[in-house]
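Chemist: Sequence:
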Amino acid sequence: MKTRTIGRFRLIFNRMNAGLQQIFFPNDHHPAHIRALDGLRGFAVLLVMMSHASLEGLNPLPFIQMMGAGKGGVMLFFVLSAYLLDRQITQALQQRQASTRYWANYALRRFLRIFPLFTLALVVYWHLSTLGYSTEIDSRTTLVQHLFLQRGESIFWSIPVEFKYYLISPLILWGCQLAFNWQYPATARLLWGLLVFSVVIATAIPWSPISTLKYLPIFFLGTLAAVFQLGKPEQVASYFREKRTTIITLLTLLFAYIILPHPLESLFGLQAKAHNAVGYGIWAFIGARLVLAVQYVKDVFKRIFEWNLLRWIGNISFSAYLFHLPILEWVLRQGSIPEFLKLPAFLLVTLLASSTTFALVERPLSRVRLAKQRGNNSSPTA
Numbered sequence: 001m002k003t004r005t006i007g008r009f010r011l012i013f014n015r016m017n018a019g020l021q022q023i024f025f026p027n028d029h030h031p032a033h034i035r036a037l038d039g040l041r042g043f044a045v046l047l048v049m050m051s052h053a054s055l056e057g058l059n060p061l062p063f064i065q066m067m068g069a070g071k072g073g074v075m076l077f078f079v080l081s082a083y084l085l086d087r088q089i090t091q092a093l094q095q096r097q098a099s100t101r102y103w104a105n106y107a108l109r110r111f112l113r114i115f116p117l118f119t120l121a122l123v124v125y126w127h128l129s130t131l132g133y134s135t136e137i138d139s140r141t142t143l144v145q146h147l148f149l150q151r152g153e154s155i156f157w158s159i160p161v162e163f164k165y166y167l168i169s170p171l172i173l174w175g176c177q178l179a180f181n182w183q184y185p186a187t188a189r190l191l192w193g194l195l196v197f198s199v200v201i202a203t204a205i206p207w208s209p210i211s212t213l214k215y216l217p218i219f220f221l222g223t224l225a226a227v228f229q230l231g232k233p234e235q236v237a238s239y240f241r242e243k244r245t246t247i248i249t250l251l252t253l254l255f256a257y258i259i260l261p262h263p264l265e266s267l268f269g270l271q272a273k274a275h276n277a278v279g280y281g282i283w284a285f286i287g288a289r290l291v292l293a294v295q296y297v298k299d300v301f302k303r304i305f306e307w308n309l310l311r312w313i314g315n316i317s318f319s320a321y322l323f324h325l326p327i328l329e330w331v332l333r334q335g336s337i338p339e340f341l342k343l344p345a346f347l348l349v350t351l352l353a354s355s356t357t358f359a360l361v362e363r364p365l366s367r368v369r370l371a372k373q374r375g376n377n378s379s380p381t382a
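Numbering (the working numbering), first residue to last: 1 to 382.
Source of the hints: derived by calculation from the structure; they are not laboratory data.
Note that the Cβ used here is the ideal one computed from N, Cα and C, for glycine as well.
Worth double-checking, as some hints may not be accurate.
In silico DSS-like links for lysine-lysine, alpha-carbon gap of 27 Å or less [as the list claims (entries may be wrong)]:
1. K243 - K232
2. K302 - K71
3. K71 - K214
4. K71 - K164
5. K342 - K71
Simulated restraints on C-beta separations [to be verified]:
6. Q183 - Y239: 18 to 26 Å
7. A186 - S139: 49 to 57 Å
8. I64 - I23: 31 to 39 Å
Can you build the whole structure from these sequences, using the hints too?
Modeler: Put into structure tokens, the structure is as follows:
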């Protein structure tokens, strides 16, 4: 009897585990899916969350303060997004599979990836403003302006920046195909030239905070990582498997932390702005290295970023990014929560709430595709 009961519990547990795996790790069965990049996305959103928590005095330890790391996390998001999308687009173009249906699905999936949850977040923020929460979405006009990507206050600044790159990158990659048909080194020279040009444009002109052109070099690093990996896979793999490459990446991560406002002042007595172009560039450089390093360095990066906890956070990261600020304010308002428990409470509530919105909104919409026409053998959309 006891053995039968244990067997039933084990069966129930296995079914629940399989169900959760299907919800929160839906792409694991795809051979081309890179699991470590889920973890890298989780690392990026944790930087954002810890930065905002640190601004409110919530730190894991008194000497570890993450103020200013949030923008670094967003830079990682930008690089990772450009890498993943442009890698798939490049493969589709090279394999002559970028059909009309492919691009229609691309547009549909980009829209569904952003706007349903984005709209929900705007409505939630607007409602919370009527309850006394400090939010920039305090009127119907502000909500509509954000929805149509005309404004980007607080965390919402990154939405118009990234969404507009979804429109730019296919044109860039299509240009690479038309100009050189992906032949090296001509394609590499073109992309490096575009990167240098984008740096000049981004720094020479005072762009709007929500202009994609201001952050174009950040995205370009992700695009370059994707194109170079596809064009020179053996050279890229050989480079990132060298120990010195791992050491350089680790030292760059350490340097990125040291130049955050609190460590810089504590260690060297220097003051720095939380947001500056040098910091953006360093985090983007780190992102471009990490998207490749996590695929090749098994003993360090791959093992860490394939950790399921970090991957889970990465898969719900868009929800966590959009909803963590009001949850942080709610936790700060709870006088019954001891001060030392507010940081873990903030993280736990955010991850649980984000898991809910992911399961109810993001996951169902991620499966939407245009119906495949008979006789159409093009590959699924990116």
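Chemist: State for each hint whether it applies.
Modeler: Hint by hint, here is what the structure shows:
1. Only pairs whose Cα atoms come within 27 Å are accepted, and K243 paired with K232 is accepted, the gap being roughly 20 Å.
2. Taking the CA atoms of K302 and K71, the gap is about 24 Å. The hint holds against a cut of 27 Å.
3. Of the supplied pair hints, the one linking K71 and K214 holds, its CA atoms being roughly 14 Å apart against a limit of 27 Å.
4. Straight-line distance between C-alpha atoms of K71 and K164 comes to about 18 Å, which keeps the hinted pair within the 27 Å bound.
5. Taking the CA atoms of K342 and K71, the gap is near 23 Å; set against the 27 Å cutoff, the hint holds.
6. For Q183 and Y239, the hinted distance range of 18 to 26 Å is satisfied, since their beta carbons lie about 21 Å from each other.
7. Evaluation of the 49 to 57 Å hint for A186 and S139 yields a pass: the beta carbon distance comes to about 52 Å.
8. Checked against the given bound of 31 to 39 Å, the beta carbons of I64 and I23, roughly 33 Å apart, stay inside it.
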